[in-house]
Amino acid sequence: MDVAYAVRGLRKEFGGRSGVADATLDVRWGSIHGIIGKNGAGKTVLMNMVSGVMEPSGGELVVDGQSVLGSSRWTPALARQHRIALIPQDPPRLPYLTVEDYLFLGDRAFSRHGLLNRSAMRRKVAEIDDRLGLHVSASDPLVALPVETQQLLAFGKAVFLDGARIILLDEITASLSGARRESLLQELRNLASDPQARRSFTVITHHINEVLAACDRVTVMRDGVSVDTLDVSGTTSQLLASKIVGDGGTTAVDSTEVRECGDEILRVTDLASAPAFAAVSMSVRRHEVVGIAGLEGSGKDELLDGLGGLRKTTGQLSIAGRPARIRNSMAAHRAGIAYLPKNRERLATIHTLSVLDNLLLPIAHQFSNWFGLLDEKRMRATAQETIERMEVQPPRADAVINSLSGGNRQKVMVGRLRLMRPSLYVLNEPTRGVDIATKPQLLNVVRHELAAHSAVIMTSESEDELVDICDRVLIFYKGRIVREFERSAADFEAGEIYRACQGVTA
Amino acid sequence: MTALAGTGTVAEASSSRGRILLRRIASEHLIWLIFLLLAVIGSFLPGFLTLANLLNLLWGASPLGFMVVGMFFVMIAARLDLSIEGTFAFAPAVGIVAMTEWPGVNPLVALLLTVMVGAVVGLVNGLIIVKLKVNAFLVTLATLLTLEGMVVFLIPEGVYHLPAEYTWLGGTRIFGQWPVAVPVLLLAFIVAHVVMKRTAFGRNLVGIGNNEEACRIAGVNVNRTLIIAFVLAGICAAIGGILQVGRLFSIDASMGNGVILYVFAGATLGGTALNGGRGSISGLLGAVLVIGTITNLMNLYGVETSVQQIVFGLVLLGAILLSSLQDRLRTTQA
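From first to last, the protein sequence lines are chains A and B.
Per our numbering, the very first residue in the first sequence carries number 54; after that it's consecutive.
Per our numbering, the very first residue in the second sequence carries number 281; after that it's consecutive.
It should be emphasised that the hints constitute simulated quantities derived from the structure, not laboratory data.
Note that the structure is predicted; figures quoted are calculated from it, not measured.
Beta carbons are placed, not taken as given, at the ideal position from N, Cα and C, and that holds for glycine.
Among these hints, one or two may not hold up.
Example chain B residues on the side facing chain A (calculated, C-beta under 7 Å, incomplete) [to be verified]:
| no. | residue |
| --- | --- |
| 1 | Ala332 |
| 2 | Thr479 |
| 3 | Ala480 |
| 4 | Asn491 |
| 5 | Glu493 |
| 6 | Arg496 |
Listing some non-contacts, in silico: residues in chain B with all C-beta distances to chain A over 10 Å [unchecked claim]:
| no. | residue |
| --- | --- |
| 7 | Leu313 |
| 8 | Phe328 |
| 9 | Phe455 |
| 10 | Val474 |
| 11 | Val486 |
| 12 | Val500 |
Calculated pairs, DSBU-like style, for lysine-lysine (alpha carbon to alpha carbon, straight line, at most 30 Å) [said to hold, decoys possible]:
| no. | chain 1 | residue 1 | chain 2 | residue 2 |
| --- | --- | --- | --- | --- |
| 13 | A | Lys395 | B | Lys411 |
| 14 | A | Lys395 | B | Lys413 |
| 15 | A | Lys365 | B | Lys411 |
| 16 | B | Lys477 | A | Lys430 |
| 17 | A | Lys430 | A | Lys296 |
| 18 | A | Lys365 | B | Lys413 |
The shape of chain A in the complex, shown without the other chains (with noise of 0.2 Å):
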């Protein structure tokens, strides 16, 4: 079999910071080829390179026998040339287009004097529409259709109209119903062994089973580094899992002890909301961490969301032993929960003002005299504190918090949770786009500090630094919690807790 695109040595920088570091892989024209890593491993940096939306730094992409990079830009058009299409996570933003006229945009080819021949229009698109079971209409707007089926026309048009050959998938799968995405993934087998065009499907991955049901290799990607490309019929899952996890670096956290917790903080009891996840029971007790794992879309975020006031719930849920209902971020605060959202830089910071405003925002009120004016003095005592405690750089009041790095702008964010004293921290993901030298520091502040009086709930993107700073690891699956992992068992380890999330068993 001949490769239809091959990768070497691929790498990109943003600023500095390395998406890709080394990337090379073969796909075969003809095969249905797998890329799996957690979030951060460089997947989609890697797609977006080999269809031209970003431009690599270094390396060589070869396409059909013919290197594309070095004489002209890389860009998308030229991917299209190349037959080359990138089915992205995120479906296309066109909320008032129809059907019809999504699928044909900027298709000349249905077009008869100037004008458009919709009648043969119709017919293709009732085509399309019967062999990838999406059940639409020409007409139907955009928005007015779930997200799967959007991806699900976007393949379509990639396919069918555009005469895509080489198909790459960004996590199309990840919002696909069950029966969806079976029946998606038997379109590529029969798409792949199609004798009368050569194609070749490229598929990113969250889901090892999903790999070994569907694809015919798989390229484990870690760190920005394509580990191992395997024949998958020649693994299996536990191999699988140990490639994506690694050996895991220590995050030098000291931790180790198994410590004394103190009253129930939080208990919640059937909490639900539909359709993230159901039946979630729990405590958490002051002086405890506890980390909450599961792969995306397996309902962990959603529950954070849920006790931050972002997301309606039902169910039971009470904080130091009185019930309370979280209907909104106000409900939160007042029952003495801090969230901080996993999209910083949409929803924590405030992009133009100072550190000193992004620090004391949820408490200025705190600082008004008899007569509704701040304390200016006071304010900037409280901030510069908190700024030496949380080692912030550099260490001024009045920085603009866009000219501090990631890391710096979040332990601006832990420091503002910090001042609002609560009874429960949420973090969701507090080691995001973070620094490798500031991550210990800010799980330093998490096990030392925000436990130290209250009580934690912290995701992570690295099993690792779970396993170094929580008491107890709740596994989420398909939105439920399925294991639990205690700090003083023996299996409290980063590979047992990732084998977890992905649901495999023994």
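Position chain B against the provided structure of chain A, taking the given hints into account.
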């Protein structure tokens, strides 16, 4: 970072400091440079640089000044309030009709009532926008039309004889020379400045304009803050109306028609971003002075009204170009 900055020589450092200062002026206080330029142009004109003329200039700009401050409170939070043009006439109209129809309402009570009407209009706007989650531009467009209709309904022929107490703020000159409206206007700018800089409310407004969702999650009472902003806008418009009525010693049904365009011009010229989060009261004052000065100069030159409007249109165009230039300067600063 500090190590990098320390590699430059002293001369480089001082010249770059000068450049930063220039940039700062150009990006934040350009409006004051324009004001200075206009003043220089004016100084060649006999009669411009006299105390009486300058006081007249400020006096004439005072109703607009209040409107611009009112708009600022909502604009900084990424909202718009078109209805302040309606409140500008409606609030005094209610006060004056109450005063003339009901014997119990003396002019002082009427003034209070006027301000309260402004507050209530703002409250209604704010509640609809926040609670029903409707676009502020559309809601206030509707209330603007409603209010202007109500003004015509209340005072179809206008009211031309008003008690001196009601027009005192807007129309009186103390010692025959000093208009009361001028210190009132300056006081309003000082209060607004303090509110923006020194109160939790002011800081929250800026935060909301920058990132409303983040403020909500951080626990800021976004809804309450926005409602207060609309109430303040209504109050400012009502006071602006009182000043205007006082200046004219009368009110008619068309008072303030079209003034919202000048309010936008003022706010934009003053560096307030249309999509919120950025702007300063000092810039606003500069903009009000610039608009007042242009009007004044054109009056001194004897330019006719239609031409004056053409000039203002071009000024607004300039302001828009200016604010985009300022944006670019600001974003390339880092």
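How the hints compare with the structure:
1. Of the supplied interface hints, the one on B:Ala332 is violated, with its beta-carbon coming no nearer than about 37 Å to a beta-carbon of chain A, more than 7 Å.
2. For B:Thr479, the suggested interface contact is upheld, since its CB lies about 6 Å from the closest CB of chain A, less than 7 Å.
3. With its C-beta approaching chain A no nearer than about 4 Å, B:Ala480 sits inside the 7 Å limit, and its interface hint holds.
4. At a threshold of 7 Å, the smallest CB-CB gap from B:Asn491 to chain A is about 5 Å, leaving the interface hint in force.
5. Taking 7 Å as the C-beta cut-off, the interface hint given for B:Glu493 holds, the closest approach to chain A being about 6 Å.
6. Of the supplied interface hints, the one on B:Arg496 holds, with its beta-carbon coming within about 5 Å of a beta-carbon of chain A, less than 7 Å.
7. The Cβ of B:Leu313 lies farther than 10 Å from every Cβ of chain A, with a closest approach of about 23 Å, so its non-interface assignment holds.
8. Residue-level check passed: B:Phe328 sits 38 Å from the nearest beta carbon of chain A, beyond 10 Å.
9. At the 10 Å boundary, the C-beta of B:Phe455 stays outside the reach of chain A, the nearest C-beta of that chain being 33 Å off.
10. At roughly 7 Å from the closest C-beta of chain A, the C-beta of B:Val474 falls inside 10 Å, breaking its exclusion from the interface.
11. The Cβ of B:Val486 does not lie farther than 10 Å from every Cβ of chain A; its closest approach is about 7 Å, which violates its non-interface assignment.
12. With a minimum CB-CB distance of about 6 Å to chain A, B:Val500 fails to clear the 10 Å threshold, and the non-interface call is violated.
13. Distance restraint check for A:Lys395 and B:Lys411: the Cα-Cα separation of roughly 27 Å lies within the 30 Å cut-off, and the hinted pair is therefore satisfied.
14. Taking the CA atoms of A:Lys395 and B:Lys413, the gap is near 25 Å; set against the 30 Å cutoff, the hint holds.
15. About 18 Å separates the Cα atoms of A:Lys365 and B:Lys411, which keeps this hinted pair within 30 Å; it holds.
16. Straight-line distance between C-alpha atoms of B:Lys477 and A:Lys430 comes to about 14 Å, which keeps the hinted pair within the 30 Å bound.
17. Taking the CA atoms of A:Lys430 and A:Lys296, the gap is about 54 Å. The hint is violated against a cut of 30 Å.
18. Note on A:Lys365 and B:Lys413: the hinted pairing holds, with a Cα-Cα distance of about 18 Å set against a maximum of 30 Å.
In the structure shown, a violation is registered for the earlier hints numbered 1, 10, 11, 12 and 17, in ascending order.
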